[in-house]
Amino acid sequence: MEILVCVKRVPDSAENEISVSSDGRDIKREDLVYSVNEWDNYAVEEAIQIVEREGGNVTVVSIGDAGAEEIVRREMAMGANQGVLITDPAFEGSDGLGTAKVLKAAANRAKYDLILTGAQADDGAGQVGGMLAALLDWPYASLVNRIERKDDATLRIGREIEGGNQEINDIDTPCVLSIQTGINEPRYVGIRGIRKVASLEVPVLDSAALGVNDAGAAAAKVRRVDYFVPELGAGAEMLEGSTEELADKVVGLLKAKGAIK
Amino acid sequence: MTQLFFLLVALAGLGTFTWIIVRRVQPLLHAAPDPRFNDIPRRIQLVLKLWLAQWRQPRYLLAGVLHIVVFFGFLILAARSTELVILGIVPDFSLHLGRWYDITKEIAGLAVLAAVVILAIRRAFFRPARYTGHTTEALLVLGMIATLMVSELVYSRTGSLAAYTIHDITFFTFLCFLPMGKHFHVITSLFNVFFMRLRPGNVKPVKYGVTDLDSLPSLGVKKFEDFTWKHILDFYSCADCGRCSDRCPANRVKRPLSPRNISIKCREAAFAQYPIVGVRQAPSPVVGAGQGQAGAPVLHEDEIWSCTTCGACEEECPIGIEYIDKIVDLRRGMVDDGLVPQSLQKPMSALEKRGNPWGKLEKNRAAWAAKMDVKLVEKGETAETLYFVDSMTSYDDRMQKIAQATARVLAKASVDFAVIGKDEKDSGHDVRRFGEEMLFEALKEQNAEAIRSSEAKKIVVSDPHALNALRNDYDGMPPVQHISEVIAENVNKLTFKPLDSAKTYTYHDPCYLGRHNNTYDAPRTAIDCIPGLKRVEMKGNCRDRSFCCGGGGLMLFYEPEEEQRMGVVRVRQAADAGADVIVTACPFCLTNIEDAIKVAGLEGKMEAIDLVELVDQQT
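Residue numbers (this note's numbering), protein chains in the order written: chain A, 1 to 261; chain B, 1001 to 1619.
These are calculated hints, taken from the structure and not from any lab test.
These numbers were taken from a predicted model, which means no experiment stands behind them.
Backbone N, C-alpha and C fix where the C-beta goes; we use that ideal spot for every residue, glycine too.
A couple of the hints might just be wrong.
Chain A residues, not near chain B, derived (Cβ > 10 Å throughout) [unchecked claim]:
{"id": "1", "residue": "S21"}
{"id": "2", "residue": "D23"}
{"id": "3", "residue": "G64"}
{"id": "4", "residue": "G126"}
{"id": "5", "residue": "I191"}
{"id": "6", "residue": "A219"}
{"id": "7", "residue": "T243"}
Beta-carbon label-pair distances, calculated as ranges [said to hold, decoys possible]:
{"id": "8", "chain 1": "B", "residue 1": "P1128", "chain 2": "A", "residue 2": "S199", "range": "51 to 61 Å"}
{"id": "9", "chain 1": "A", "residue 1": "A220", "chain 2": "B", "residue 2": "Y1208", "range": "53 to 63 Å"}
{"id": "10", "chain 1": "B", "residue 1": "G1604", "chain 2": "A", "residue 2": "A220", "range": "51 to 61 Å"}
{"id": "11", "chain 1": "A", "residue 1": "S242", "chain 2": "B", "residue 2": "P1479", "range": "43 to 53 Å"}
{"id": "12", "chain 1": "B", "residue 1": "D1373", "chain 2": "A", "residue 2": "E17", "range": "48 to 58 Å"}
{"id": "13", "chain 1": "B", "residue 1": "P1479", "chain 2": "A", "residue 2": "S199", "range": "55 to 65 Å"}
{"id": "14", "chain 1": "A", "residue 1": "E185", "chain 2": "B", "residue 2": "Q1026", "range": "30 to 40 Å"}
{"id": "15", "chain 1": "A", "residue 1": "M238", "chain 2": "B", "residue 2": "G1604", "range": "14 to 24 Å"}
{"id": "16", "chain 1": "A", "residue 1": "A217", "chain 2": "B", "residue 2": "E1561", "range": "45 to 55 Å"}
{"id": "17", "chain 1": "B", "residue 1": "Q1617", "chain 2": "A", "residue 2": "S242", "range": "51 to 61 Å"}
{"id": "18", "chain 1": "B", "residue 1": "A1272", "chain 2": "A", "residue 2": "N81", "range": "30 to 40 Å"}
{"id": "19", "chain 1": "A", "residue 1": "N81", "chain 2": "B", "residue 2": "D1416", "range": "56 to 66 Å"}
Put together the whole structure using the sequences plus the hints.
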């Protein structure tokens, strides 16, 4: 199976203290460190496991500045066979549709049976997977937490439904699936793994190579106008008492709100 | 005719024994290198103490004393047995051991017989919980020993050919049976003690003689032959006494780890893979997820991640079997294959990027000192002493109080000190012990550079994990001291105020201050300087038998399967000792113990404080 996985470089909240910049248009970026978006990492692991079972190739693609090469290499160190970096100042400021157009062009450069994206990104809107499927005119399933092969042309997939319920679907290939965390346990990649793939070539593509002219800030039809941390509202109830009393109160509240039965 | 028969028995016995030993040595020849011929005088000293004087045996008193009786009985009777074997082949042969020897060996024979009877009764009817298996094997061996003793006594008195024959055949059967299981230690323990680990605290390099890790195709233990020969000798030497597992905190709280079982499972794997008769078998993977079925890994992943590297097992083993290096090597193998629990991946990634496991900002590393008069290397200030804070104490809200108390106590003791600030990274102590050697190397290099450029002549730490890393894992560092040692050395410069409290205090030895760095007295000296403070010991669970709080470093992030927290067991031990306050000297111990007090429902009845906080309060 030929699988393309779309990955994004994001400031991981586990590795950063995120705060909003003084102009309120973005987060403070000077002290940020970046990593691969968590959902995308699960998608790559799933692709690698499928290829380990069925054979084929995993290609990872990322749109970003030169720094995004770091996460492409990290996913190659995990076991992806190839990586592609798409970088062009013209693509900066793309909305979801713009990003999907660029990825569509990347997807059309080879024949893929399956495209995986993360269900969402730390800093994203959860829209690219669906748009990419629509642009390709491929079927799409979101929040996928299980993938099995049904037959040559069909996958049987599980989807996580609100409330923790599970839905099972059959989907024809080629298709696009957006992957939920927890579908697998992604393998660890350390410094040694990254060094091992340091000499592999990661081709870099730009708008000319892809033939995409209608992405980027100018083409964006969704524009961010504000960015802020919501003020702490009233309504938070501070529980008091000993540890055991607190535990009883929490259990009582969770039962009252239907979270546990 | 009988001479010929006994000659044949001896030849068959010795021949079989030699064959078995040659086969048993095979895995050692295929194993990883392990240079153990350094410091021979120290090794001889250990053999005299641990092997000949059976130094650790009485730590379990009854079993220990009985073992000593059997051990010395065997040593004494060895000459007589040799004489007897030859006597069957060469009539009237004698070693001329003399009358005193005859009396001694009579007493030894009777004493061993008595000990064997008690051991058999104990094994069969009053079995201590730490003996979990191999009862048939144990009773069989005790039976053989008893047969040897009785037949020797009978033969010596009567000259009975039947008694001689029974002794001769039992002797060679016993000899050839030893290398089949846990009684191999009768032969190997001498060597195992001689070659035992000399440097406490330290972790073995990934591969001896290799510094460029990138040149290695694989890191850590993945297949059996990745163990070093000494580690395989350890497996052979395990007597299954269970003392390691009895003292193992992970085993106590029912984590899926029992050090003894690691030795036994690996020994069985070695025997299966390298059989006495027949060709080498296909190896099973050493560590992985599956268990039970054929071809399943010998050890389970969770077993290997469950260890806090507290060192209680190694402290207890009467014959110097080591576990931490094996656990670390197994983890290195899993890390190399990407098999790292999800709960550890984020802190490892944050350590790689930010130098601390929470992804906190580097520039806030010395934020705890913001309102204090503390010299910062990041501002170009220097001092003779460097206070290396490490991540937990730098960033954790509660533990920052330890940093502040340390700074005040150093000032009171007139120590001129500075703190690195943003260029200090996590010491990597537990990164290394969790098997991420490459990340450890990266952190070590950054810290070593920051420490060198600070031009400090001495280092002080308040975190025993940092102490152990800088002292035993790093090379070429200035001398490192824990704050408790600094306090104990400077008690004359400090004025201690009397304690205005009737509470009873107890001291919890952190593993990496006590067992791994042999610092037991300095913290007690410091506490005992406080007038009016009543201190009790957690008898049986203090000093080198201290019970781990639950582990530090990355262990804080690991989510083990366990019935209860180690910290809860520890807090109950303190309560049983009659203490109201647990004094410790490690930020991880303090975190685990403070949490455990809540979990144990002892809030308001028990409290925890760091030694340096206590000293700061009382000076």
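Results of checking the hints against the structure:
Distance check on A/S21: its Cβ is at least 15 Å (rounded) from any Cβ of chain B, clearing the 10 Å threshold; non-interface status holds. Once the 10 Å rule is applied to beta carbons, A/D23 is consistent with being away from chain B; the minimum gap is 21 Å. The Cβ of A/G64 lies farther than 10 Å from every Cβ of chain B, with a closest approach of about 17 Å, so its non-interface assignment holds. In this structure A/G126 is separated from chain B by more than 10 Å, as the shortest Cβ-Cβ distance comes to about 22 Å.
A beta-carbon of chain B is positioned within 10 Å of the beta-carbon of A/I191; the least distance is around 4 Å. Even its closest Cβ contact with chain B, about 33 Å, leaves A/A219 beyond 10 Å, as expected for a residue assigned away from the interface. A beta-carbon of chain B is positioned within 10 Å of the beta-carbon of A/T243; the least distance is around 5 Å. In this structure the supplied range 51 to 61 Å holds for B/P1128 paired with A/S199, their Cβ-Cβ distance being about 58 Å.
Distance hint for A/A220 and B/Y1208: a CB-CB separation of about 59 Å, consistent with the stated range 53 to 63 Å. Between B/G1604 and A/A220, the C-beta spacing of about 59 Å keeps the proposed range 51 to 61 Å intact. The hinted window of 43 to 53 Å between A/S242 and B/P1479 holds, with their beta carbons roughly 47 Å apart. B/D1373 and A/E17 have their C-beta atoms about 26 Å apart, which leaves the hinted 48 to 58 Å range violated.
Checking the proposed 55 to 65 Å range against B/P1479 and A/S199 shows it is violated: the Cβ atoms sit about 42 Å from each other. Here the CB-CB span from A/E185 to B/Q1026 is close to 37 Å, well matched to the stated 30 to 40 Å. Taking the beta carbon of each, A/M238 and B/G1604 are about 20 Å apart, inside 14 to 24 Å as hinted. Take A/A217 and B/E1561: their Cβ atoms lie about 51 Å apart, and the range 45 to 55 Å holds.
Checked against the hint of 51 to 61 Å, the pair B/Q1617 and A/S242 fails, with Cβ atoms roughly 26 Å apart. Between B/A1272 and A/N81 the beta carbons are some 37 Å apart, a value that agrees with the proposed interval 30 to 40 Å. Checked against the given bound of 56 to 66 Å, the beta carbons of A/N81 and B/D1416, roughly 58 Å apart, stay inside it.
In terms of the numbered hints stated before, the structure departs from hints 5, 7, 12, 13, 17, listed from lowest to highest.
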